[in-house]
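Asks: Chains as they are written, first to last, in our numbering: chain A, 1 to 114; chain B, 1 to 115.
Source of the hints: derived by calculation from the structure; they are not laboratory data. Treat the hints loosely; a few may be bogus.
Here are some of the chain A residues that sit facing chain B, going by a computed Cβ distance under 8 angstroms [said to hold, decoys possible]:
(1) LEU27
(2) ALA31
(3) GLY40
(4) LEU43
Pairwise CB distance ranges (calculated) [said to hold, decoys possible]:
(5) A:LYS14 / B:GLN56: 16 to 24 angstroms
(6) B:PRO9 / A:THR20: 43 to 51 angstroms
(7) B:ILE114 / A:PRO39: 33 to 41 angstroms
(8) A:VAL52 / B:SER80: 24 to 32 angstroms
C-beta atoms are modelled at their ideal positions from N, C-alpha and C, and glycine is treated no differently.
Single-letter residue listing:
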Amino acid sequence: DGGITQSPKYLFRKEGQNVTLSCEQNLNHDAMYWYRQDPGQGLRLIYYSQIVNDFQKGDIAEGYSVSREKKESFPLTVTSAQKNPTAFYLCASSMGGQVMGGYTFGSGTRLTVV
Amino acid sequence: AQTVTQSQPEMSVQEAETVTLSCTYDTSESDYYLFWYKQPPSRQMILVIRQEAYKQQNATENRFSVNFQKAAKSFSLKISDSQLGDAAMYFCAYRRGRGYQKVTFGTGTKLQVIP
Chain A
1 DGGITQSPKY LFRKEGQNVT LSCEQNLNHD AMYWYRQDPG QGLRLIYYSQ IVNDFQKGDI
61 AEGYSVSREK KESFPLTVTS AQKNPTAFYL CASSMGGQVM GGYTFGSGTR LTVV
Chain B
1 AQTVTQSQPE MSVQEAETVT LSCTYDTSES DYYLFWYKQP PSRQMILVIR QEAYKQQNAT
61 ENRFSVNFQK AAKSFSLKIS DSQLGDAAMY FCAYRRGRGY QKVTFGTGTK LQVIP
């Protein structure tokens with residue numbers, strides 16, 4: 001079945017450490033996104049990519065980095081510069097902009113700083 | 001910038017009754033799309049219903065329907081015959097027209113279904 005796979009489900013990070021969250025899709029979607037979810041704040045866009053080897057900052061990109069070397073993969077790195085990384089992270093994908101549609105989401109990664 | 005506002009942080013409904021969740025948005029665009037997403041306790045986001053702004057007819061998906069008031073920039077979700085499985089966070093979302101894919105989400109409404 002087609003879908004989006006996020007791993008790991010739970011991730012613990014020590015202060016000052018970089019960590020990478022994985023997102024893989026087999027839907028042949030062009031666009032991929034990373035959102036951060038905090039209680040009471042809904043979903044906030046970190047980065048998005050509409051084609052391979054290209055990506056744009058979202059609303060809260062500081063302290064994060066991404067790459068899009070393959071259509072299927074869009075990993076997110078949470079760097080030590082991110083001051084408050086504890087949150088739930090959601091990856092999503094969508095078809096090209098000519099098709100009206102929403103996102104398909106992964107099941108998320110819960111990141112906790114210890 | 002587009003904003004999406006959900007003014008009801010929490011709502012409750014008796015099983016089999018009807019409930020309406022509110023959403024307003026702010027945009028200067030004429031071509032856009034609106035969505036309602038459901039996030040159950042598993043935290044998997046599920047698309048419930050979507051509406052194209054150029055369509056006057058309100059979208060319907062089984063027990064879920066919307067009341068789209070374009071002039072008022074209002075997009076409410078009505079859930080009929082509420083079921084225990086409807087208990088979840090519901091997010092209203094906005095996307096500009098074709099060729100632009102970024103989606104803006106509201107802060108969510110937590111719906112409790114009382115047996």
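Asks: Next, verify each hint and record whether it holds.
Replies: Verification of the hints:
Below 8 angstroms, beta-carbon pairs count as interface contacts, and A:LEU27 has none with chain B, the closest being about 14 angstroms; its hint is therefore violated. Restraint check, A:ALA31 versus chain B: the minimum CB separation of about 5 angstroms is within 8 angstroms; hint holds. Taking 8 angstroms as the C-beta contact cut-off toward chain B, the hint placing A:GLY40 at the interface holds, the least distance being around 6 angstroms. Satisfaction of the interface hint for A:LEU43 is found here, the shortest Cβ-Cβ separation to chain B being roughly 4 angstroms, below the 8 angstroms cut-off.
A hinted range of 16 to 24 angstroms is violated for the C-beta pair A:LYS14 and B:GLN56, which are about 55 angstroms apart. For the hinted restraint 43 to 51 angstroms between B:PRO9 and A:THR20, the CB-CB distance of approximately 33 angstroms leaves it violated. Distance hint check for B:ILE114 and A:PRO39: the Cβ-Cβ separation is about 23 angstroms, which falls outside the suggested range of 33 to 41 angstroms. In this structure the hint that A:VAL52 and B:SER80 lie 24 to 32 angstroms apart at CB is violated, the actual value being about 43 angstroms.
The structure fails to meet hints 1, 5, 6, 7, 8 from the earlier list, while all remaining hints are met.
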